[in-house]
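Novice: Okay, here's what each chain looks like letter by letter:
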Amino acid sequence: MKILAVCGAGVGTSVLLKMNAEKALRTLDLEAEVVAMNLANALEVQDAQVILTTPDLVAKLEGTRSEVIAIEGIFDLNEIGEKLEKALG
Amino acid sequence: MSRRLAEAFAPGSVAAQVAAADWRAATRVAGELLVASGRTTPAYTEDIIQMLEELGPYQVIAPGIALLHARPSEAVLTTGLSLAVLEKPVEFGSKANDPVRLVFGLAAQHHDSHIEVLAETANKLSSPRFVNSLLTIHSESDFQRLLSDS
Numbered sequence: 019m020k021i022l023a024v025c026g027a028g029v030g031t032s033v034l035l036k037m038n039a040e041k042a043l044r045t046l047d048l049e050a051e052v053v054a055m056n057l058a059n060a061l062e063v064q065d066a067q068v069i070l071t072t073p074d075l076v077a078k079l080e081g082t083r084s085e086v087i088a089i090e091g092i093f094d095l096n097e098i099g100e101k102l103e104k105a106l107g
Numbered sequence: 551m552s553r554r555l556a557e558a559f560a561p562g563s564v565a566a567q568v569a570a571a572d573w574r575a576a577t578r579v580a581g582e583l584l585v586a587s588g589r590t591t592p593a594y595t596e597d598i599i600q601m602l603e604e605l606g607p608y609q610v611i612a613p614g615i616a617l618l619h620a621r622p623s624e625a626v627l628t629t630g631l632s633l634a635v636l637e638k639p640v641e642f643g644s645k646a647n648d649p650v651r652l653v654f655g656l657a658a659q660h661h662d663s664h665i666e667v668l669a670e671t672a673n674k675l676s677s678p679r680f681v682n683s684l685l686t687i688h689s690e691s692d693f694q695r696l697l698s699d700s
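As given, the protein sequences belong to chains A and B, one line each in that order. Position in the first sequence (first residue = 1) + 18 = this note's numbering. Position in the second sequence (first residue = 1) + 550 = this note's numbering.
A hint or two may mislead.
Derived lysine-lysine pairs resembling DSSO-like cross-links, with alpha carbons at most 30 Å apart [stated by the list, open to error]:
no.	chain 1	residue 1	chain 2	residue 2
1	A	K20	A	K101
2	B	K674	B	K645
3	B	K674	A	K41
4	B	K645	A	K78
5	A	K104	A	K41
6	A	K41	B	K638
7	A	K78	A	K41
8	A	K20	A	K78
9	A	K101	A	K41
10	A	K20	A	K104
11	B	K638	A	K20
12	A	K104	A	K78
13	A	K78	A	K101
14	A	K41	A	K20
15	B	K645	A	K104
16	B	K645	A	K101
17	B	K638	B	K674
18	B	K674	A	K101
Keep in mind the hints are simulated off the structure, nothing from the lab. These numbers come from a predicted model, not from an experiment.
Please construct the entire structure, taking both the sequences and the accompanying hints into account.
Specialist: Here is the structure:
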C-alpha cells in the first residue's frame, strides 16, 4: 500500500507529514510505504491509495484518483492516525 | 544536542526579536538570514514568497511556527536552516496556526539531504518548553546555548 505526503515543494511540510504518518502507522500496526513529494509529481502518481496533505492544498489535487485527506495539524498524531485508520481500515 | 543540528544553523543564520510588519517582511528576514549564512542566493527568498502567494499559508506548520521553503533549485547553494524570532507576531493567513513568531527558513539542495536535520528540528519543536525558550532569545549565541542545553 502506498501513501503520498504532499506539499508545494516536496521538501518541508511533506517530509514532516511523512515522518508523522509513519509514526501513526506504527501505532496502528498498519504497513504502508509513505512517500513525500511535491504537488506536480503527486498528480502523476497512479497507484497511491491515499494522499495526505494540508487543508490549503486539497483543491490543488483535484483530478487525482487517490483519496485525498486533509490534515489540520501535521504534528497531531491522533488526528493523522484516526484519519488513516478510517481511510485504510 | 546533535552537532548536525547546530551545524545546520551556520553563523549569521539566526536573528532574535526582529521587527517585521507582515508575513512578507517576516519571510524576507528569514530569507536574508539564509543568504547571510551562505545557504542561498536572494532569488530563493523570492521563490518562497511566490510559493506562499500561489499556494497559501500551508508552511505555517504548527501554532506560531512557520517553516518557509521553496523547491530545491540553483538558488540553493547548500542545505541549511535559518531562524527569525519576531518581536511581535504576524499573520500569514493560517486559520489553524496564526499568529506566527518563529519563522524558520529551510534551504534544501536535494530532496533528501536535509531530512535528518528536519526531523531533529521537528523533534525539538514538539517540546513546548523549547518553543517558549526560543521565543525569549536575544541573540544568536543565546540560540546556540539553548541548542546545546536541550
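Novice: Hints first: check each against the structure and report whether it holds.
Specialist: Outcome of the hint check:
1. A:K20 / A:K101: holds (15 Å)
2. B:K674 / B:K645: holds (24 Å)
3. B:K674 / A:K41: Measuring from Cα to Cα gives roughly 16 Å; hence the hint holds.
4. B:K645 / A:K78: holds (18 Å)
5. A:K104 / A:K41: holds (16 Å)
6. A:K41 / B:K638: violated (34 Å)
7. A:K78 / A:K41: holds (26 Å)
8. A:K20 / A:K78: holds (20 Å)
9. A:K101 / A:K41: It holds: about 13 Å lies between the C-alpha atoms, which stays within 30 Å.
10. A:K20 / A:K104: The given pair, whose Cα atoms are some 15 Å apart, holds under the 30 Å limit.
11. B:K638 / A:K20: Roughly 42 Å separates the two Cα atoms, so the pair is violated.
12. A:K104 / A:K78: holds (23 Å)
13. A:K78 / A:K101: OK: A:K78 and A:K101 at ~20 Å, within 30 Å.
14. A:K41 / A:K20: Holds: A:K41 and A:K20 sit about 15 Å apart, inside 30 Å.
15. B:K645 / A:K104: Within the cut-off at roughly 25 Å; holds.
16. B:K645 / A:K101: Distance ~20 Å between B:K645 and A:K101 Cα, so the pair holds.
17. B:K638 / B:K674: This hinted pair holds, its Cα atoms lying about 22 Å apart.
18. B:K674 / A:K101: The hint holds at about 25 Å.
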